[in-house]
Structures are given as structure tokens and as C-alpha cells.
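Q: Chains as they are written, first to last, in UniProt numbering: chain Y, 1 to 245; chain G, 1 to 273.
In short, the hints are calculated from the structure, not lab data. As the structure is a computational prediction, the values presented were derived from the model and not from experiment. In this text, a Cβ means the ideal position worked out from N, Cα and C, and glycines have one as well. It is possible that some hints are incorrect.
Claimed, not checked - Sample of chain Y residues facing chain G (criterion: CB under 10 Å; computed from the structure):
hint : residue
1    : W140
2    : V142
3    : A156
4    : H165
5    : F193
6    : R225
7    : G226
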Amino acid sequence: MEKEFKVPPVSFASVGNPAGQNLQNRRVPIPPFQPNSGIPFMSFDIGSAAVSTSSGPIYSGPGIGGGGSVNFDDEEPLLDELGIHPDQIWSKIRSVLNPFRVNHTVHKDSDLSGPILLYMAFCLFQLLAGKIQFGVILGWIVVSSIFLYVVFNMLAGRTGNLDLHTCTSVVGYSMLPVVIFSAISLFLPQGGFFGLAIAAVFVLWATRASTGLVVSLTDGGDEHRGLIAYACFLIYTLFSLLVIF
Amino acid sequence: MYNNVRPQLGVPQFQPQLPTSSQPNVFGNAFNAAGSGLIRGGLGAYGEKIFGSSSEYVQSNITRYFSDPQYYFQVNDHYVKNKLKVVLFPFLHRGHWTRITEPVGGRLSYKPPIYDINAPDLYIPLMAFGTYVVLAGISLGLRGKFSPEALNWLFIKGMVGWCMQTALLKLTLLSLGSGEAPLLDIVAYAGYTFAGMSLAALGKIISGYSHYALMPWFCLCMGIFLVKTMKRVLFAEVRSYDSSKHHYLLLFIALAQFPLFMWLGNITVNWFI
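Produce the complete structure using the sequences and hints provided.
A: See the structure below:
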């Protein structure tokens, strides 16, 4: 005895097919895409648009009423909205490139998107060398910036005004020599004293850059330049260990 | 330093992290109105009380167990250089070993490290510890056994060594009846071992055989340094002068350096081998 049950037929034909009625009953029809037609559906604010896809109609009511005035053309460009300024990042990176005179006025307002870019580049070069160390490098950047923050503020005492955001920004931008070193070490023989010698050059470059930035961006660091330099030296030696070995 | 922390331990601690967008968004406004109303009104009244009282509790207990850490970081280049000379070659130190006291606010307190070569500081131990970890990582790498997990392991091993040294000194003080030296002082004295340890690790990297000469040498130096320091600390703290017990304990401190150095100097990824 055969049970009869409705098998929805697979039909690639147009919607007018009577066999396709079953399919239509089963799923919600998707409205066709209408770009820039000015209907309220498209003119949400950016913030609520992120939420309203999941918690749909609850907030769309006030959203339609209040968001009608801001439409697609008046919104800020995405990069400005996120606070990423590529030309600023590029000028900061260029300022670290010169090891002898770091232009510290460019670094006055700290941002974290340049360091994230350099972190990604570092991880990429490590990946090319066969080492998957994404989490390790991120964790070490966090720990070392906290370390530098604690050491600097303790040394400078009451007059020190380094905050964690600036500290992480400085540590991140001064990673540029280490990133270059990891790119170069892809072509060098692995391990050994040769790697250590080349690493010394890049580590000293990074130390010099970061010490110059930290001392010139904050108040109380002038008389402790050597002490801060040693802390930075330890941090970048640690990263270069990841590259060499 | 704690005065900076206290006013912030009130309500702002509890504010929810709003989505950071420059435009006022509907979702954020709704949550802001409802959430912060509840938090400001209800919890705010208690929050100040809870955090206020607990921060007082924490602060009073912290100052009982940890003296102000700012004191230990008042150093400069000149102090660091000379203190390293004292720690690494203590028999060359011609001056006296007592700390200079000055009357501050009616009580006698010690001068900060900039003015007094015998005062302990926390900068050198911290940097020496970092140097030891980095150098141990290099020596592991030259043997082909480097990995980030190995470095974490070396860090933990070093911290355990530091804690054991601190415990040794603290127990010595306690067994003589008074353990009233500030804890950070003891931590600082214990941390000076890493200065000698780093030089021994550097020697091991440069040539494998120099390790066998440098290690006992720095052991001995650290032993002498600790003996001379603890003698002064004990004289300052303990009332009755029980000569033979003092001397045995000081000798024990000096002898205990040898196993500690051998354990820390044996740079591997396991606990003992």
C-alpha cells in the first residue's frame, strides 16, 4: 500500500506555473530590490539598520518616522564613520620609516587602525613563513603595551600622562621595522646567528622610534629616556624572536 | 596613586557600552533612556556606597600589605648603573649597607632610591626578569626548541622562582619573630637574582662552557648580596639579637641560592629536567 504525500515539484519555470503555487505557499516572497527609490525602507539610520535586520519591525516604526530625513546621499563615507583615515595612517607609517628623526607631530592623535593594519601585515608574513601565530601576536601586543604603560607611568610618577590608547598606538606603529624584518626573513636562512645580527638592526630601529615617540608625546618621560628605551628594547626583541625562530 | 582610582569607582563603572556611532540611533536612544535611568537611579545610589566602602577597605588593606609602589620606581640612570654594580659584585661595594632614613611627617621613612644606593627598587627586578625571559627564549631557539608556548612556560617558571625566593626571605624574617618589612621590599630583593641570572643566560648563549663558571659565580654574589641586605633588614626589624640563630638563617639563605639558580638556569620546557 502506497502512502500518498505531496511532493513539492521542482520547477525552474516562471512563477505562473500552477505547480509552483506550493513553493510560494512555503516561503515568504522576497520583494524585488529597489535601489535609491526613496521608500522609507531604505532610509534607516546606519545604527538602527544594523540592529533592525535581526529585530525587525519593533524599531522600524520610529525608524521610518525619524529616519526619513536622512537618506543615502547625506551619510558619511564609511571610512570616516569608522574613524579610519588612510592618509593619516600613511603619514604616520612614513614618519616611523626614518629611523633617525621621527616626526612626532603627526602622532599627536592616536589611532588604533594603523596598528591593526601592521598587525595583519605581520601575521601575513608569518603565515607565509609557515607559522600561524595570529592570536599569539595579538596577545603579545596587548601585554607589552600594558607593560610599557605601567612602566612609563610608574617611572614618570605624577607628571606622567601616557594613556593606554596612546601607548598601544605607539607600540603598534613602531612595529613597522619588525614587519619589514619578517618580510625580509622570508628570504634568509632560518635560525642561527645571522638572523640574530640582522634582527639587532631592526630591533634597535624599532626601539629608537618608539622611545622617541613616547618621550615626545608625553610629559614626564625626558629624564628617564634610557630606562624607557630598555623596556621598548625588550618588547621588540620579543617580537623579533617570533620572526627568527 | 590610589587617590586617582577612587573617584572613578562609582557609577561610571556600570555604564553599558553603547554602540559607538556618531549619529544618534533609535536603538541606542531607547536603551540609553531606559537603561541609564535604571542604573543611575537605582544602582547609582548603591553603587557609590558599595564601591566607596569597598574601595576604602581595599585601599586600607592594600596599603597595609603593599607599600606605595611609586616609591620603588623613583630611579634614574645613575642609580640603575650603580645598583647593578652592587648587585652583581657586592664585595666591591666599599660603603655601608644601611638605608638612609629621613623623618617625614613625624615618622621615620626611608629615602627613595634616587638618593640612596641601598634602597630597593622595582625597576631593576622587573627589567631583569624580562631580560631573563628573553634570553632564555633565545637560548631555547638556538637549540631549536622555541615556540610561543615555550616562552609562556619560561615566564611562569621565572615567576615561580621569584615567588620561591620571596617566600624564602619572608619565611626567614617570620621565623625570627617579626615579618614587618614591607612586602614589596622583599619582592624587590628577591627580584635582584634575575640580574645575575640574565648574565648567566647570556654567557650560556655565547659559549656553552662559560655557563659552568658564571653560574656559581653569580650564585655566590647573590648570596653575599642577600646576606648583607638581610642582615641590615633584620637588625632594623628584630628587637632581640639572637646571634647564632641569625647567622644560621643567613647562611641558609646563601646556600639556598644554589639550587634556585641551578633550577632557573637550566633552561628547558619541563619543570625540572
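Q: Decide, hint by hint, whether the structure agrees.
A: Status of the hints after comparison with the structure:
no.: 1; hint: W140; result: holds (8 Å)
no.: 2; hint: V142; result: violated (14 Å)
no.: 3; hint: A156; result: holds (9 Å)
no.: 4; hint: H165; result: violated (13 Å)
no.: 5; hint: F193; result: holds (8 Å)
no.: 6; hint: R225; result: holds (9 Å)
no.: 7; hint: G226; result: holds (5 Å)
When each numbered hint is compared with the structure, violations occur for hints 2, 4.
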